[in-house]
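Novice: Residues per chain are reported as follows:
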Amino acid sequence: MTTYNVGDKVRVAVTHPPGHRRVPYYIRGKTGEIERYCGAFANPEELAYGFDGRPERPLYRVRFMQSEIWPDYDGPANDSVDLEIQEHWLSPA
Amino acid sequence: MSEDRRTHDMGGLGGNPIEFADHDAEPWQKMVTAIRAALGDEPMRLMRVDELRRAIEDLDEQEYDLPYFERWAEAMINLMEEKDLLTRDEVTARMEEIRNRVGGKA
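Residue numbers (the numbering used here), protein chains in the order written: chain R, 0 to 92; chain X, 20 to 125.
Please keep in mind that the hints were generated in silico from the structure rather than gathered at the bench.
By construction, the Cβ of each residue, glycine as well, lies at the ideal position given by its N, Cα and C atoms.
Hints may be right or wrong, so weigh each one.
To be verified - Derived Cβ-Cβ restraints for the label pairs, each shown as a range:
1. R:66 with X:68: 32 to 38 Å
2. X:108 with R:66: 49 to 55 Å
3. X:122 with R:71: 55 to 61 Å
4. R:55 with X:87: 27 to 33 Å
5. R:23 with X:64: 25 to 31 Å
6. X:33 with R:12: 34 to 40 Å
Same shape as in the complex, but just chain R:
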């Protein structure tokens, strides 16, 4: 069971907890669109400390427009960047 479907708009959480996080700083707070569901995976934020990372969590590939991420982006308007992000970092946008 997944919360999001392809095409849904999602926003990445703005939070900076200490520790191993897979969501880069530059994408936090940005809005993108679900490009695909990648499957459910153990949480690497827990695996990084030797725990089992269970239960597995849904992972999505999320597409962001470059022009919305970088204020001075001067490439083609349809350039995008895709990041794979686990569900607990996303909320509906």
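Here the structure of chain R is known, so what remains is to put chain X in place on it, guided by the hints.
Specialist: Same frame as chain R, but now just chain X:
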């Protein structure tokens, strides 16, 4: 840079030009890769790749500027200490022993 942002998390920050020249791995770099496999893969599985990544990110800013494979080596020593498997002193002593055995060439 925000205080929230960790040293390794540099996406979007200015950087130095990328060097595109191809080069072979030095023997010691291959050795570090072999040690990574010996520690991390079956049958030992003493550490996961996620743990190694985390240990690399936990290096202080100065250590993080080390070349790629030195970063790995430092992080693996820290992980072995964290897991009470080896101490840094034991690793250093062993390196010294090997250096003497090969006549100071390592």
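Novice: May I ask you to test the hint 32 to 38 Å on the CB atoms belonging to residue 66 of chain R and residue 68 of chain X?
Specialist: With Cβ atoms ~34 Å apart, the hint holds.
Novice: Using the beta carbons of residue 33 of chain X and residue 12 of chain R, state whether their distance is inside 34 to 40 Å or not.
Specialist: violated, 26 Å
Novice: Confirm or reject the claim that residue 108 of chain X and residue 66 of chain R have a C-beta distance inside 49 to 55 Å.
Specialist: holds, 53 Å
Novice: Is 55 to 61 Å respected by the C-beta to C-beta distance linking residue 122 of chain X and residue 71 of chain R?
Specialist: holds, 56 Å
Novice: Given the hint of 25 to 31 Å, check if residue 23 of chain R and residue 64 of chain X actually sit that far apart at their C-beta atoms.
Specialist: holds, 28 Å
Novice: Looking only at beta-carbon atoms, does the pair residue 55 of chain R, residue 87 of chain X fall within the given range of 27 to 33 Å?
Specialist: holds, 31 Å
Going down the numbered hints, you'll see the structure goes against just number 6.
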